Amino acid sequence: MSSNNEQKLEASFSLLIMSIASNAMMAMGLTPDPQTGKTESDRNMARFNIDLLSVLKEKTKGNLTPDEIGLLDHILQDLQMKFVQLK
Numbered sequence: 012m013s014s015n016n017e018q019k020l021e022a023s024f025s026l027l028i029m030s031i032a033s034n035a036m037m038a039m040g041l042t043p044d045p046q047t048g049k050t051e052s053d054r055n056m057a058r059f060n061i062d063l064l065s066v067l068k069e070k071t072k073g074n075l076t077p078d079e080i081g082l083l084d085h086i087l088q089d090l091q092m093k094f095v096q097l098k
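FYI, in the numbering used here the residues of the sequence shown are 12 to 98.
I should point out that these hints are in silico values taken from the structure, not numbers from a laboratory. Just so you know, these numbers come straight off a predicted model, no measurement behind them. Possibly wrong hints are sitting among the right ones.
Claimed, not checked - Once the Cα atoms are required to be at most 27 Å apart in a straight line, the calculated DSSO-like pairs of lysine-lysine come out as: (1) Lys-68 to Lys-93; (2) Lys-19 to Lys-93; (3) Lys-93 to Lys-72.
As the list claims (entries may be wrong) - The calculated label-pair distances, taken between Cβ atoms and stated as ranges, are: (4) Asn-74 to Thr-50: 30 to 40 Å; (5) Asp-78 to Lys-98: 33 to 43 Å; (6) Thr-71 to Met-92: 35 to 45 Å; (7) His-85 to Ala-22: 26 to 36 Å; (8) Glu-69 to Glu-17: 29 to 39 Å; (9) Ser-23 to Lys-93: 18 to 28 Å; (10) Ser-65 to Asp-44: 22 to 32 Å; (11) Glu-69 to Asp-89: 13 to 23 Å; (12) Lys-68 to Lys-19: 25 to 35 Å; (13) Glu-17 to Asp-62: 18 to 28 Å; (14) Thr-42 to Ser-65: 15 to 25 Å; (15) Glu-51 to Met-92: 39 to 49 Å; (16) Thr-47 to Pro-77: 20 to 30 Å; (17) Ser-23 to Gln-88: 35 to 45 Å.
All residues carry an ideal CB built from backbone N, CA and C; glycine is no exception.
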């Protein structure tokens with residue numbers, strides 16, 4: 012049973028992209044894990060999540076709205092730059 016205060020999350024392509032991007036940011040140690048509060052770095056997991064976004068970009072080519080394309084391109088470029096700058 013859900014209360015009136017709970018918000019229903021609606022699945023969308025943008026939410027999927029943001030979720031994967033959030034996982035990449037956590038794996039790069041740039042944001043803490045919301046469950047543990049710890050900040051940890053896992054380059055392999057970060058690379059996996061960035062690659063996953065690249066696969067989504069390639070496989071959805073021609074099927075996205077201009078806003079979805081812009082969001083995916085922006086997030087992918089930002090994550091790739093952050094990954095390259097990791098020490």
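Hint check:
no.	hint	result
1	Lys-68 to Lys-93	19 Å, holds
2	Lys-19 to Lys-93	32 Å, violated
3	Lys-93 to Lys-72	24 Å, holds
4	Asn-74 to Thr-50: 30 to 40 Å	36 Å, holds
5	Asp-78 to Lys-98: 33 to 43 Å	34 Å, holds
6	Thr-71 to Met-92: 35 to 45 Å	22 Å, violated
7	His-85 to Ala-22: 26 to 36 Å	21 Å, violated
8	Glu-69 to Glu-17: 29 to 39 Å	36 Å, holds
9	Ser-23 to Lys-93: 18 to 28 Å	24 Å, holds
10	Ser-65 to Asp-44: 22 to 32 Å	24 Å, holds
11	Glu-69 to Asp-89: 13 to 23 Å	18 Å, holds
12	Lys-68 to Lys-19: 25 to 35 Å	28 Å, holds
13	Glu-17 to Asp-62: 18 to 28 Å	34 Å, violated
14	Thr-42 to Ser-65: 15 to 25 Å	21 Å, holds
15	Glu-51 to Met-92: 39 to 49 Å	21 Å, violated
16	Thr-47 to Pro-77: 20 to 30 Å	37 Å, violated
17	Ser-23 to Gln-88: 35 to 45 Å	21 Å, violated
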